[in-house]
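**Q** Each chain is listed here by its residues.
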Amino acid sequence: MTSERRLHPAAFLVHALGGLRDVIVPLILALFAGARSPGSGTLIALAAVATSLVIGYARWRMTRYWVTDGALHFRSGVLSPDTQVVPIARIAAVDEVQGPVQRLFGVVALDVQTAGGGSGGEIRLTALSRADAAALRAALGHPTAPASEAGSGPQWRLSRRELVVAAVTGPQLGIVAPVAGAIAAFGQQVLGNDEAGQVVRRLPGTVHGWVLLAVALAAGVMLISLAGGVVAFSGFVVRREPERLRLQRGLLQRRAATVGIGRVHAIRIVEGALRQPLGYCSVRLEVAGYAAERSAARTLVPLCRRDDVAAILARLVPELPVPGGAPARPPARARRRYLTVLVVAGGGAGAISAAIVTLAGGPAWPWVAVLAGAAAGAGVGLGRWRAAGWWQDGGVVAVRSRALLARTTTVAAVRRLQHRELSCSLPARRAGLASVGFAVASGARAAVAHLDRGVARDLVGRLGPGPARPPG
Amino acid sequence: VPPDPDQRPARAALLAWMLGGGAMGVVAIAAVVAVFGGRGDALEVVLLVAAAVWFLLAAVVVPLLRYRTWRYAVREEEIDLRHGAFVVRRTIVPMVRIQHVDTTVTPIGQLFGIATLTVHTAAGRHQVPGLEQVTADRLRTAIARAIREPDDV
Chain A
35 MTSERRLHPA
45 AFLVHALGGL
55 RDVIVPLILA
65 LFAGARSPGS
75 GTLIALAAVA
85 TSLVIGYARW
95 RMTRYWVTDG
105 ALHFRSGVLS
115 PDTQVVPIAR
125 IAAVDEVQGP
135 VQRLFGVVAL
145 DVQTAGGGSG
155 GEIRLTALSR
165 ADAAALRAAL
175 GHPTAPASEA
185 GSGPQWRLSR
195 RELVVAAVTG
205 PQLGIVAPVA
215 GAIAAFGQQV
225 LGNDEAGQVV
235 RRLPGTVHGW
245 VLLAVALAAG
255 VMLISLAGGV
265 VAFSGFVVRR
275 EPERLRLQRG
285 LLQRRAATVG
295 IGRVHAIRIV
305 EGALRQPLGY
315 CSVRLEVAGY
325 AAERSAARTL
335 VPLCRRDDVA
345 AILARLVPEL
355 PVPGGAPARP
365 PARARRRYLT
375 VLVVAGGGAG
385 AISAAIVTLA
395 GGPAWPWVAV
405 LAGAAAGAGV
415 GLGRWRAAGW
425 WQDGGVVAVR
435 SRALLARTTT
445 VAAVRRLQHR
455 ELSCSLPARR
465 AGLASVGFAV
475 ASGARAAVAH
485 LDRGVARDLV
495 GRLGPGPARP
505 PG
Chain B
40 VPPDPDQRPA
50 RAALLAWMLG
60 GGAMGVVAIA
70 AVVAVFGGRG
80 DALEVVLLVA
90 AAVWFLLAAV
100 VVPLLRYRTW
110 RYAVREEEID
120 LRHGAFVVRR
130 TIVPMVRIQH
140 VDTTVTPIGQ
150 LFGIATLTVH
160 TAAGRHQVPG
170 LEQVTADRLR
180 TAIARAIREP
190 DDV
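One line per chain: the protein sequences are A and B, in this order.
Taking my numbering, I'd label the letters of the first sequence as residues 35 to 506.
Taking my numbering, I'd label the letters of the second sequence as residues 40 to 192.
The hints are simulated quantities; they were obtained by calculation from the structure and are not laboratory data.
Note that the structure is predicted; figures quoted are calculated from it, not measured.
Careful: at least some of the hints might be erroneous.
[Said to hold, decoys possible] Across the chosen pairs, the derived CB separations fall in these ranges:
#, chain 1, residue 1, chain 2, residue 2, range
1, A, G358, B, V66, 55 to 63 Å
2, A, A123, B, V65, 49 to 57 Å
3, A, I386, B, V84, 22 to 30 Å
4, B, V74, A, A437, 35 to 43 Å
5, A, A250, B, V65, 54 to 62 Å
6, B, V65, A, P121, 45 to 53 Å
7, A, V249, B, V84, 49 to 57 Å
8, A, L138, B, P41, 53 to 61 Å
9, B, M63, A, A261, 46 to 54 Å
Note that CB positions come from ideal geometry on N, CA and C, so glycine has one too.
Whole structure, please, built from the sequences with the hints as guidance.
**A** Given below as structure tokens:
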């Protein structure tokens, strides 16, 4: 396929609506401002719509794509057309996205992802007919799934019950944050300062009122995140083909991603604070070039029982076997190393907040804050200590650790580690301890802290890439 | 584990770092004098002392610690870095994982003939500071030759 091609005309509408979405807040403000003189407000709105349509049409007219010399070429831009060239060998994944507009016209958008790309596709073809999409995918070496194969090969789907549990226990903060931000920005712009002052005056003055407000806010966030989870993961199916994983998900916006199995450098089993007590976890893919994506885009399994994860992954990604059995642990003498720094830091933070409250004339029980801070630090430290562990067997290394709340197990192929690290602070060194860490090509890092120094050095030695690859 | 890295930064790097850090400290002191100068109150004294301490740290302590703790080795199979005064960190980057390599020279580095070597992997970058320019160029050429076969991320 060498001839230059245009996107499906539906791209015109997608671009126009995208342009309108960008100006929606100023537009609404203009309509508000124009409430006193309806004529001018309507005029502004009409002008915005007309401009979006013109720009959308121009963008569709100016956009071309073609495949030559083993590379995808993409020319776009209205005022200063620019051609992007992505070598086929560098394409990590091709995602198929169907938003509401694409569904209306029966077309798809293709996101072409490369190892170096940021969030979203390196190149996004906003609308292609099914036939064009299939032809392009074939040319890029990421063919569409043949219909006959849809039922064969290992696959896993999210049940309706699991979808609900996943949505309730795992807030899709990626969706909540922009919504909250938009509401806040909108409120500020519409209300202005005087009205904001009135809102503050209307805030509850009693403990009772505050509790009600907090419950209402929590319920609101919960509902939004529940809806976000359902929208993101509804209909989630993952299929394993010999060379790739095929992931489908989404309610309003159907996404179908293909990830070359060679691009998967590690998997992460994440047990969130709400999920671990219930025995649930989720699994994320660490794919080169996907580091900046929203978490939903990197999800291999949105929710499954912790006990089932090894069996599920053995079918989907047998290249990275999840180690069974108990992990190797840091020595008992390392326990206080996990606690000391956090207890001191927590106590310090408590002392600072106590000092601020006291200076501001609040109730003066500074010791309570210091103790609470130290206790919180100890809690986090103890959690980390109990989570810490590692496995290393042949070509696979796994590390289990806890950040603040979620417990994460990172399983990586030894020969694909980007670098490895041995580190220790001076006190830990005196205690004969050292930490081991590594990074994979998605940019993800994992580490297990305060191992016996000899064990740590031995582990770092075994995490080398092994003999150099044969040439060619 | 490979043997500990044994190459040190160039001696001129110590001077370059001291000059660079000292310049920052001088700016800090000058800023305090310019804004609070002549008030003669406690705040001015406190800020002056703080700026002086910072000058001492930036111009003497940090460069010395940095110079004394940095070690590196460029081997056939890997690049080995060790640095840090309180937390000692040893990083081993396999040669086959390196995507590209470059050297940078700052204006102060130019004065002292000092360059920084940066290697990039798919997971980020690693820097070796304080190399003589000829050393940095030699290492860059050697690494570039060794990685001609690209990594398949």
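**Q** All the hints need checking, so say for each whether the structure fits it.
**A** Structure-based check of all given hints:
Distance hint check: the CB atoms of G358 (chain A) and V66 (chain B) are about 58 Å apart, consistent with the given range 55 to 63 Å. A hinted range of 49 to 57 Å holds for the C-beta pair A123 (chain A) and V65 (chain B), which are about 51 Å apart. The hinted window of 22 to 30 Å between I386 (chain A) and V84 (chain B) holds, with their beta carbons roughly 24 Å apart. A beta carbon spacing of about 41 Å between V74 (chain B) and A437 (chain A) agrees with the range 35 to 43 Å that was offered as a hint.
Between A250 (chain A) and V65 (chain B) the beta carbons are some 55 Å apart, a value that agrees with the proposed interval 54 to 62 Å. Against the hinted window of 45 to 53 Å, the Cβ-Cβ separation of V65 (chain B) and P121 (chain A) comes to about 49 Å, which satisfies the hint. Look at V249 (chain A) against V84 (chain B): about 51 Å separates their beta carbons, and that is inside 49 to 57 Å. Checked against the given bound of 53 to 61 Å, the beta carbons of L138 (chain A) and P41 (chain B), roughly 60 Å apart, stay inside it.
Distance hint check: the CB atoms of M63 (chain B) and A261 (chain A) are about 50 Å apart, consistent with the given range 46 to 54 Å.
In this structure, none of the earlier numbered hints is contradicted; all agree with it.
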